[in-house]
Amino acid sequence: MKILVVEDEPEMQKLLSQFLQEENYVVEEAHDFLSGMDKIAAYDYDCILLDITLPDGSGLDVLRELKRLGKADSVIIISAKNSIEDKVQGLDLGADDYLTKPFHITELNARIKSVIRRKKADGKSYLIMENVKINIEERLALVDEIPMELNRKEFDILVFFGMNKSRIVSKSAIAENIWGDYIDQSNDFDFIYSQIKNLRKKLREHKAKFDISAVYGMGYKLSLK
Amino acid sequence: MKLINHTLWILSVILFTTVGLWAFWFYLQLLGQVKTTTDEGLTNHKMAIIDKLKDEAEIYNQDSFQDKSYSIRKVSESYALQILDTYKDTLIFSSLKGSTYEARLLTTAFVSPSGHFYEMKVISHEIDKENLITKIVSSLAYLFLFLTISIFLVNRFVLKNTWKPFYEILNYLNDFRLDKSNERALVRTKIREFSLLNASVHNLLNKNVEIFKSQKEFIENASHEFQTPLAIGINKLELLAEDPGLTAGRREKIGQIIQSFQRLSGLNKSLLLLSKIENKQFMETELVNFDTIINSCIEDFADFSEFKGIKISYRKEGDWSYSMNKSLAEIMVFNLLKNAIVHNHPQGEVLVSLSSSFFSIENTSNSPEIAEGKLFKRFEKGSESSQSTGLGLSIIKAIADVSGLKILYSYEGRHAFKIAELG
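Chains as they are written, first to last, in the working numbering: chain Y, 1 to 225; chain D, 226 to 648.
In short, the hints are calculated from the structure, not lab data.
Where a beta carbon is used, it is the ideal one built from N, C-alpha and C, also for glycine.
Be a bit skeptical, because a hint or two may be false.
[Claimed, not checked] The list that follows gives simulated cross-link-like pairs (lysine to aspartate or glutamate, EDC-like), each with its CA atoms no further than 16 angstroms apart: (1) Y:Lys-153 / D:Asp-525; (2) Y:Lys-225 / Y:Glu-205; (3) D:Lys-461 / Y:Glu-85; (4) Y:Lys-225 / Y:Glu-130; (5) Y:Lys-153 / D:Glu-531; (6) Y:Lys-153 / D:Asp-468; (7) D:Lys-461 / Y:Glu-107; (8) D:Lys-551 / Y:Glu-22; (9) D:Lys-533 / Y:Asp-188; (10) Y:Lys-221 / D:Glu-477; (11) Y:Lys-165 / D:Glu-418; (12) D:Lys-389 / D:Glu-418; (13) Y:Lys-153 / D:Asp-528; (14) Y:Lys-197 / D:Asp-528; (15) D:Lys-441 / Y:Asp-86; (16) Y:Lys-221 / D:Asp-468; (17) D:Lys-441 / Y:Glu-85; (18) D:Lys-501 / Y:Glu-205; (19) D:Lys-631 / D:Glu-646; (20) D:Lys-478 / D:Glu-467; (21) Y:Lys-81 / D:Glu-450; (22) Y:Lys-197 / D:Glu-531; (23) Y:Lys-221 / D:Glu-467; (24) D:Lys-533 / Y:Asp-190.
[Stated by the list, open to error] Here are the in silico distance ranges between beta carbons for each label pair: (25) D:Val-434 / Y:Ser-213: 39 to 45 angstroms; (26) D:Lys-505 / Y:Pro-55: 26 to 32 angstroms; (27) Y:Val-88 / D:Leu-492: 24 to 30 angstroms; (28) Y:Asn-198 / D:Leu-471: 25 to 31 angstroms.
Starting from the given sequences, assemble the full structure and let the hints guide the process.
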């Protein structure tokens, strides 16, 4: 899996590369508009992380060029601008997703995985977590091939953990991912506890080979049994 | 009062007073002239009578003015000598007409060729003053009527037209929106004052558009500049927290730092939102249905309120749709509901009611009534809410202000906020 990061901020670039490498992606970097344009013309990527505000041009023009070249690379716009117009414009130009800075690493991870998954589009790809198989499109969770009944939020939480298997997932990241953008302003995320508790109970009942354990002061993490 | 009417009003008052005073003066002048002419006529008449009487042998006393226009009375020499020619207005009874009439009377004396002294009174019909006044007043009334009509016509057709460019500028300014590019050009006019005004307005607006643009850019850049380092900080800490070598205690501390960064980011977002609202950058309006928004907000908060042990009830008495920006409507309801849950006590209640022209959200709370001055002040926090930014109510107020809504707060054991249409 090859990912291009177009980002002018060196620190941001560095940490994104580090994280993507941890997730076993091959990472290429472009630090400005021109090198971004060069890279998209020369190579194909599974996913492009695109910053809109670049010192010598707009990320939206990179996106336009990509579409003009008829390439099918998935694009996630990463912008500090949280304006609806920019979001709409980016998505209209053919971006697959739009993420506003600051974001949680786990959220970015989940978004990258979903756009890559969507591109494959065979509908048969399962998200595998030990003995648990999840079909996201059909909203189906199987433990040892036996279906597990989950409500909407429990399912989404499980998927979110599945996409961040080795990572600590913060409460606010879960709240934002499952309950939506607004709720992250609540500053009090303990309310997600009851859904997590129910999900853990169901995983135990179905004898899943992993558990969701609390990381004190941070959030939760998947742990093997 | 319109400027046209104002000037016309002053003009009319001055005009009508002047013409009225002039008419009075004119009447006096006319009357004076008529008297002088009458008196001259009387003098001539007197001479003619004396001339005629000179030839007569005997002059008889004649007491009344019945047949002639004079009366004659024989008087003593001493009496005659002290008579000076005097003119005066008098009333004469006419037995023919059976009524009195106004007349000018000349009293004089003369001596006959035979050496006798006589007093003679000569009269002349005088001009009818009442008639004269009536004539002048009616002419004046016609003049006033004519003036009024012409002023009205001038106002209606000439001045209206003259002022047209002014009203066009006004309309232009009213329709002007800083954030919407205004392609409509100002109307050209031949009148110098208006074309100067046009040019000034044009300059002023252009400058403002420039300032607005640069301010908007500044805000966006500021947001970018803030959010990027925050993003770097948060994400680096998130990666650091996954270091297996960390002790639980250190990981917890990292978690706390992340939380502070997130609060800072949230604060930044709220301030940006506030400035965007106040800069009227949420222009697109549509018919927003509050029932839909309230339902979805309650749904969003279901887990949160359940966790807090707070019961949300929704009472729908009517359906309210209102034309405003949809995102702002959602943010407004969301913030009000969030406030009602956050500033509540465990096992508390939140009551949302919707009617056909307003909605209200009331909640139980341990905190006392909010003082009016502190209500919508930025960064003013309730006692328990160390987590809140203190911007929630300011944002709600700003949204209400730009959307033509009003927000009312009341306290009767429960805090109640009501959002209603203005007027």
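Quick rundown of the hints versus the structure:
Distance check on the hinted pair: Lys-153 of chain Y and Asp-525 of chain D sit about 12 angstroms apart at the alpha-carbon level, within 16 angstroms; holds. Our distance criterion of 16 angstroms between C-alpha atoms is met by Lys-225 of chain Y and Glu-205 of chain Y, whose separation comes to about 14 angstroms. Of the supplied pair hints, the one linking Lys-461 of chain D and Glu-85 of chain Y is violated, its CA atoms being roughly 29 angstroms apart against a limit of 16 angstroms. Pair hint Lys-225 of chain Y plus Glu-130 of chain Y holds up; C-alpha atoms about 10 angstroms apart against a cutoff of 16 angstroms.
For the given pair, Lys-153 of chain Y sits about 15 angstroms from Glu-531 of chain D by alpha-carbon distance, which is consistent with the 16 angstroms threshold. Straight-line distance between C-alpha atoms of Lys-153 of chain Y and Asp-468 of chain D comes to about 29 angstroms, which puts the hinted pair past the 16 angstroms bound. For the hint pairing Lys-461 of chain D with Glu-107 of chain Y, the CA-to-CA distance comes to about 14 angstroms; that is within 16 angstroms, so the pair holds. Using a Cα cut-off of 16 angstroms, the hinted pair Lys-551 of chain D and Glu-22 of chain Y is violated, with the two alpha carbons roughly 41 angstroms apart.
Simply put, Lys-533 of chain D and Asp-188 of chain Y have alpha-carbon atoms about 10 angstroms apart, close enough for the 16 angstroms limit, and the pair holds. Pair hint Lys-221 of chain Y plus Glu-477 of chain D holds up; C-alpha atoms about 14 angstroms apart against a cutoff of 16 angstroms. Distance hint between Lys-165 of chain Y and Glu-418 of chain D is unfulfilled; the C-alpha atoms sit about 75 angstroms from each other, more than 16 angstroms. Only pairs whose Cα atoms come within 16 angstroms are accepted, and Lys-389 of chain D paired with Glu-418 of chain D is accepted, the gap being roughly 13 angstroms.
Proximity of Lys-153 of chain Y to Asp-528 of chain D is assessed by CA-CA distance (about 10 angstroms); at most 16 angstroms being required, the pair is judged to hold. Between Lys-197 of chain Y and Asp-528 of chain D the alpha-carbon distance is near 13 angstroms, which keeps this suggested pair within the 16 angstroms criterion. For the proposed pair Lys-441 of chain D and Asp-86 of chain Y, the alpha carbon gap of about 14 angstroms is at most 16 angstroms, so the pair holds. A C-alpha spacing of about 13 angstroms is found between Lys-221 of chain Y and Asp-468 of chain D, which places the hinted pair at or below 16 angstroms, so the restraint holds.
The hinted pair formed by Lys-441 of chain D and Glu-85 of chain Y meets the criterion: a straight-line CA distance of about 14 angstroms does not exceed 16 angstroms. For the hint linking Lys-501 of chain D to Glu-205 of chain Y, the alpha-carbon distance of about 50 angstroms lies beyond 16 angstroms, and the restraint is violated. Restraint check for Lys-631 of chain D and Glu-646 of chain D: satisfied, since their Cα atoms lie roughly 6 angstroms apart, inside the 16 angstroms limit. The straight-line distance between the Cα atoms of Lys-478 of chain D and Glu-467 of chain D is roughly 13 angstroms, inside the 16 angstroms bound, and the hint therefore holds.
A threshold of 16 angstroms between alpha carbons decides the hint, and for Lys-81 of chain Y with Glu-450 of chain D the separation of about 10 angstroms falls inside it, so the pair holds. For the suggested pair Lys-197 of chain Y and Glu-531 of chain D, the alpha carbons sit about 14 angstroms apart, so the restraint of at most 16 angstroms is met. For a cut-off of 16 angstroms, the pair hint linking Lys-221 of chain Y to Glu-467 of chain D stands: about 10 angstroms separates their Cα positions. For the hint linking Lys-533 of chain D to Asp-190 of chain Y, the alpha-carbon distance of about 9 angstroms falls within 16 angstroms, and the restraint holds.
Under the hint 39 to 45 angstroms, the C-beta atoms of Val-434 of chain D and Ser-213 of chain Y, about 57 angstroms apart, miss the expected range. At about 30 angstroms, the beta-carbon gap between Lys-505 of chain D and Pro-55 of chain Y stays in the expected band of 26 to 32 angstroms. For Val-88 of chain Y paired with Leu-492 of chain D, a C-beta distance near 26 angstroms keeps the hint of 24 to 30 angstroms intact. Roughly 30 angstroms separates the CB atoms of Asn-198 of chain Y and Leu-471 of chain D, a value that falls within the hinted 25 to 31 angstroms.
The structure fails to meet hints 3, 6, 8, 11, 18 and 25 from the earlier list, while all remaining hints are met.
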